[in-house]
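Undergrad: Sequence:
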Amino acid sequence: MATATQQYTDKELNYYRICKVTTDILAEGLRSIFKQEWDNRYRATLGEWKDENKNGLDFWNGESPRNRKRNAHLLTTMINGDRSEWDGTKLFYAILYSDCIRGLSAAVQSNVDDLRKFRNEEFAHMTQGHLTAAEFKNAITKVHFAFQALGLPTVQIQAICNQSSFPTEELRKVLKKVDDLKQELQDLAKEVEDSKQEVQGLEDQLNKDISSFCILPPKPSHDVAGRDREVANITEQLKELKKANEHSLSYLYISGNPGSGKSQLAGLVAKRFFNEVKDMPEATSFVMTVNAESPETLLESYVSFARQLKCPEYAVTNTLNSKDLNTDEKITNLKTLISTKIELYRSWLLVVDNVTNISGVHGHLPKHGSEQWARGQLLITTQDTASISLTSSFHQHTSLSKGMEPRDAGSLLAMLSGIADSEMDQEVAQALDYQPLALASAATYVRQVRKNKVSSHFGWNDYLKKLEKGQRGYTETILSETNPSYPKSMTAAITLAVENSMSSDEVINHTFSFLSVCAPQPLRLDIVTNYILDVQKEIEDKEAISMRILRCSLLLFEEEKSGVHIRIHQVVHDAINTVIKDQHLQAVNGAVRSFSQFIAEHLSVDDLDSLVNRKHIVPHLKTLSMKIENLFSKQDISEVAQHGDVNIQCFPSNFQTLGEICEDHSEFYAAKRYFNLALEIIQRSDAGNVRDVADVGLKLDKVHLNLSHFHQAEEHCQYPLAIHNKELGHEHANIYHNLGNVHWKLGDLEQAKEYHDRALAIRLKKLGSEHLDVASTYNNLGIVHMHLGDLEQAKECHDRARVIYLEKLGPEHVDVASTYNNLGLIHMYLGDLEQAKEYYDRARVIYLEKLGPEHVDVASTYNNLGLVHIDLGDLEQAKEYHDRALAIRLKKLGPEHVDVASTYNNLALVHWHLVTWSKQKSIMIVRGPFV
Numbered sequence: 001m002a003t004a005t006q007q008y009t010d011k012e013l014n015y016y017r018i019c020k021v022t023t024d025i026l027a028e029g030l031r032s033i034f035k036q037e038w039d040n041r042y043r044a045t046l047g048e049w050k051d052e053n054k055n056g057l058d059f060w061n062g063e064s065p066r067n068r069k070r071n072a073h074l075l076t077t078m079i080n081g082d083r084s085e086w087d088g089t090k091l092f093y094a095i096l097y098s099d100c101i102r103g104l105s106a107a108v109q110s111n112v113d114d115l116r117k118f119r120n121e122e123f124a125h126m127t128q129g130h131l132t133a134a135e136f137k138n139a140i141t142k143v144h145f146a147f148q149a150l151g152l153p154t155v156q157i158q159a160i161c162n163q164s165s166f167p168t169e170e171l172r173k174v175l176k177k178v179d180d181l182k183q184e185l186q187d188l189a190k191e192v193e194d195s196k197q198e199v200q201g202l203e204d205q206l207n208k209d210i211s212s213f214c215i216l217p218p219k220p221s222h223d224v225a226g227r228d229r230e231v232a233n234i235t236e237q238l239k240e241l242k243k244a245n246e247h248s249l250s251y252l253y254i255s256g257n258p259g260s261g262k263s264q265l266a267g268l269v270a271k272r273f274f275n276e277v278k279d280m281p282e283a284t285s286f287v288m289t290v291n292a293e294s295p296e297t298l299l300e301s302y303v304s305f306a307r308q309l310k311c312p313e314y315a316v317t318n319t320l321n322s323k324d325l326n327t328d329e330k331i332t333n334l335k336t337l338i339s340t341k342i343e344l345y346r347s348w349l350l351v352v353d354n355v356t357n358i359s360g361v362h363g364h365l366p367k368h369g370s371e372q373w374a375r376g377q378l379l380i381t382t383q384d385t386a387s388i389s390l391t392s393s394f395h396q397h398t399s400l401s402k403g404m405e406p407r408d409a410g411s412l413l414a415m416l417s418g419i420a421d422s423e424m425d426q427e428v429a430q431a432l433d434y435q436p437l438a439l440a441s442a443a444t445y446v447r448q449v450r451k452n453k454v455s456s457h458f459g460w461n462d463y464l465k466k467l468e469k470g471q472r473g474y475t476e477t478i479l480s481e482t483n484p485s486y487p488k489s490m491t492a493a494i495t496l497a498v499e500n501s502m503s504s505d506e507v508i509n510h511t512f513s514f515l516s517v518c519a520p521q522p523l524r525l526d527i528v529t530n531y532i533l534d535v536q537k538e539i540e541d542k543e544a545i546s547m548r549i550l551r552c553s554l555l556l557f558e559e560e561k562s563g564v565h566i567r568i569h570q571v572v573h574d575a576i577n578t579v580i581k582d583q584h585l586q587a588v589n590g591a592v593r594s595f596s597q598f599i600a601e602h603l604s605v606d607d608l609d610s611l612v613n614r615k616h617i618v619p620h621l622k623t624l625s626m627k628i629e630n631l632f633s634k635q636d637i638s639e640v641a642q643h644g645d646v647n648i649q650c651f652p653s654n655f656q657t658l659g660e661i662c663e664d665h666s667e668f669y670a671a672k673r674y675f676n677l678a679l680e681i682i683q684r685s686d687a688g689n690v691r692d693v694a695d696v697g698l699k700l701d702k703v704h705l706n707l708s709h710f711h712q713a714e715e716h717c718q719y720p721l722a723i724h725n726k727e728l729g730h731e732h733a734n735i736y737h738n739l740g741n742v743h744w745k746l747g748d749l750e751q752a753k754e755y756h757d758r759a760l761a762i763r764l765k766k767l768g769s770e771h772l773d774v775a776s777t778y779n780n781l782g783i784v785h786m787h788l789g790d791l792e793q794a795k796e797c798h799d800r801a802r803v804i805y806l807e808k809l810g811p812e813h814v815d816v817a818s819t820y821n822n823l824g825l826i827h828m829y830l831g832d833l834e835q836a837k838e839y840y841d842r843a844r845v846i847y848l849e850k851l852g853p854e855h856v857d858v859a860s861t862y863n864n865l866g867l868v869h870i871d872l873g874d875l876e877q878a879k880e881y882h883d884r885a886l887a888i889r890l891k892k893l894g895p896e897h898v899d900v901a902s903t904y905n906n907l908a909l910v911h912w913h914l915v916t917w918s919k920q921k922s923i924m925i926v927r928g929p930f931v
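If you read the sequence shown in full-length UniProt numbering, its first letter stands for residue 1, the second for the next number, and so on.
Rather than coming from a laboratory, the hints here were simulated on the basis of the structure. Please note: incorrect hints may appear among the correct ones.
[Unchecked claim] Okay, the calculated beta carbon distance ranges per label pair: (1) 542 <-> 421: 41 to 49 Å; (2) 806 <-> 685: 37 to 45 Å; (3) 558 <-> 421: 24 to 32 Å; (4) 50 <-> 132: 41 to 49 Å; (5) 211 <-> 542: 52 to 60 Å; (6) 456 <-> 831: 53 to 61 Å; (7) 211 <-> 454: 49 to 57 Å; (8) 601 <-> 506: 19 to 27 Å; (9) 791 <-> 768: 47 to 55 Å.
Remember, predicted model here, so these are calculated numbers, not experimental data. Positions of the beta carbon are idealized from the N, C-alpha and C atoms, including for glycine.
My request is simple: use the sequences and hints to build the entire structure.
TA: Structural data, given as structure tokens:
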């Protein structure tokens with residue numbers, strides 16, 4: 001006979017449904033939360049939680065001895081790692097109270113705790129068997145809301161809400177679980193009460209005695225500059241961070257290359273922080289420094305930290321001497337011990353110094369969101385810029401790689417060297433890139449050398465000469481041998497950092513390889529990224545490459561309209577070249593291709609108006625030309641051609657492109673190297689032809705002409721002329737144009753005029769009267785006519801050139817400036833000095849804007865302005881212009897160039913006039929004025 005199905009009232013069904021939610025659904029949600037929190041913390045170290053024995057052991061190992069003892073009845077099951085065996089008590093312990101899961105977000109902490117209170121306080125005290133609809137709705141809403149806030153699925157909860165019946169067997173199991181739960185809660189309540197009494201006793205002991213203290217980073221063996229402005233800026237950053245995070249922990253990172261003074265500056269900031277807070281009423285504060293260079297130094301620092309906080313010595317000693325704990329576990333236990341005292345202080349600053357690996361030390365630092373650590377701040381010094389998180393509301397980052405403030409750098413040099421010379425202080429500081437360790441080494445060396453009577457006259461000029469000779473490392477040894485807080489020299493520290501960066505990061509390895517063939521001047525970032533994409537085919541993400549480079553502490557970066565530029569300190573550049581002793585063909589080949597690609601995509605070799613956009617790459621092309629020449633002196637072209645990664649057939653074209661850029665910027669020797677290499681490869685190549693040889697010969701002709709190698713220029717011009725006459729006939733305007741310039745420089749003006757006339761006739765016939773090449777020929781004919789004394793004809797030629805240039809190129813083009821310069825010469829010869837000065841000033845303004853202050857055309861204009869001012873009687877201004885012209889010409893052309901000789905001649909003329917005028921003035925003073 002079948003048993004009649006038992007009928008349940010709505011109140012009974014409500015009670016059974018809430019039992020189901022509390023015992024099953026709630027527990028399953030907690031298991032998900034625990035895995036989520038574990039994986040967030042340990043995925044990269046201990047691994048994801050997979051309910052395996054290893055997970056359980058990792059959890060057990062993460063618990064302090066105290067927790068293991070108090071919660072042994074829970075951990076006996078939990079050590080197996082299977083969350084399905086964990087009931088609510090174990091899950092709440094694991095999430096809310098275990099040592100492994102610390103620093104929960106506020107949302108997780110509060111909502112999980114709400115679930116705990118619901119289970120332990122509300123559900124446990126419900127009248128068994130009955131629940132009104134309102135009571136049921138109120139109870140399940142709390143669970144539903146918490147699940148939503150925690151991001152847990154609520155489908156099952158909703159299904160329970162809609163459920164109209166409850167299976168009898170399942171009900172029996174649920175009620176059994178409820179009874180078991182109540183018994184567990186009773187046992188737990190007793191254990192909690194016992195633990196409270198134990199904790200209370202410990203707290204009474206720990207909370208009684210706290211006091212302020214200040215432990216700063218170790219000081220160097222020498223005095224340090226105050227760096228007041230930097231200290232004030234960083235102090236203000238700390239205050240702003242604290243204002244924005246009044247009730248939570250905040251971080252400030254100080255990064256920089258070795259020797260940039262991170263620890264010194266952090267110490268100065270920490271000292272100011274302590275001085276400002278120590279006198280505040282009822283404000284017990286501290287400053288503590290921990291050395292995070294390695295796990296061992298960090299453990300030692302945490303031991304000292306715990307003792308400064310007056311934590312129980314037995315706890316510190318037991319942790320330190322424990323044979324069951326490794327170094328990381330000891331640090332974790334000490335940090336837990338310290339956290340019990342840290343919240344008693346009103347404010348504090350923890351200096352985490354010498355962090356070499358942020359990801360490695362991060363787990364041992366206080367976490368943002370921890371209530372115990374909420375009243376303080378962390379000041380972290382590191383070279384590991386790449387691992388610093390992006391700026392957020394609770395952490396900021398400042399870099400010291402650019403060096404000290406110039407004024408502070410000069411003061412440091414004067415203080416340590418004993419030499420008071422502000423002008424030389426700034427020159428030396430700039431040469432050392434304002435790096436504190438380099439400055440201290442230099443000043444210490446100079447001071448020690450001057451102590452010897454024989455070399456007591458030794459000064460900054462002598463030191464700079466040693467730098468020029470590459471003797472920097474030798475000058476750094478005195479300080480490194482007497483500075484226990486930082487026993488490495490600047491060069492040694494930077495070299496080690498370069499080696500570590502190159503060995504640990506492929507992108508930085510390629511970056512430094514590229515920079516080793518460049519000058520230590522600013523360089524467009526996209527040129528470097530193109531190089532890496534070219535030499536490392538496996539790397540395809542240009543943006544990822546850029547981000548990696550931008551986070552290297554050994555490099556500096558400047559934002560300009562044209563893009564981001566990389567800048568590099570001289571000591572870093574020297575270290576890179578020390579580490580990379582031999583220039584590899586791959587680096588040179590990649591650099592040539594990258595520069596050529598950049599020029600093709602962003603610059604126009606034929607557009608002289610783009611000179612202003614090209615000048616930043618010229619120092620690098622100059623250095624690269626010497627590296628290439630050195631490489632080809634060691635490897636024959638045939639050897640290079642056999643290298644699988646090098647297409648030597650592209651070299652002549654690329655070398656000519658780079659040479660033309662150098663020529664346009666007055667780097668004639670660099671241009672000569674490129675053109676000579678291109679010519680040699682063409683002549684030895686099966687694919688080369690005589691016309692290619694002729695074209696390169698014409699370019700070499702122009703370079704030799706600018707270098708005043710007139711006979712070589714004529715030789716390089718005659719060969720192309722013979723080739724073109726044979727190949728194409730006699731109408732070769734470019735060759736006649738160049739020959740005209742050669743003969744003008746040689747003083748053969750009639751022959752020069754004849755060649756320019758030929759060039760003009762051909763260009764007018766083939767190109768028309770408005771072509772830019774026609775204007776160029778008019779310009780050169782005007783110069784020849786001027787030297788022949790036919791000033792009116794010269795003026796007419798230059799006016800025609802100017803009209804064409806203005807129409808085709810606009811008023812700001814350098815070719816327009818060239819006609820202004822030539823018209824100025826004519827007006828000076830005609831005696832119209834004011835008009836000549838006006839033309840020269842127009843030319844100077846355009847040249848300076850388009851070519852930069854060190855171009856030979858700028859020097860030419862200075863030279864001409866100097867001559868005008870001599871004739872105007874303004875001798876001091878004339879001297880200033882000729883001095884500027886001489887400086888540029890010496891740098892760009894060398895001391896043996898005829899233009900340098902001309903400038904010396906003009907300066908001699910100025911000095912002669914100055915002396916003559918001085919004597920005449922003296923005579924007038926003695927004799928009195930004429931009536």
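Undergrad: Look at each hint and say if it fits the structure.
TA: Evaluation of the provided hints:
1. 542 <-> 421: 41 to 49 Å: holds (48 Å)
2. 806 <-> 685: 37 to 45 Å: holds (43 Å)
3. 558 <-> 421: 24 to 32 Å: This hint holds: roughly 30 Å between Cβ atoms.
4. 50 <-> 132: 41 to 49 Å: holds (43 Å)
5. 211 <-> 542: 52 to 60 Å: The hint (52 to 60 Å, Cβ to Cβ) holds, given that residue 211 and residue 542 are roughly 56 Å apart.
6. 456 <-> 831: 53 to 61 Å: holds (58 Å)
7. 211 <-> 454: 49 to 57 Å: Given about 55 Å between the Cβ atoms, the range holds.
8. 601 <-> 506: 19 to 27 Å: holds (25 Å)
9. 791 <-> 768: 47 to 55 Å: Violated, at about 28 Å.
Checked against the numbered hints above, the structure breaks only hint 9 and satisfies the rest.
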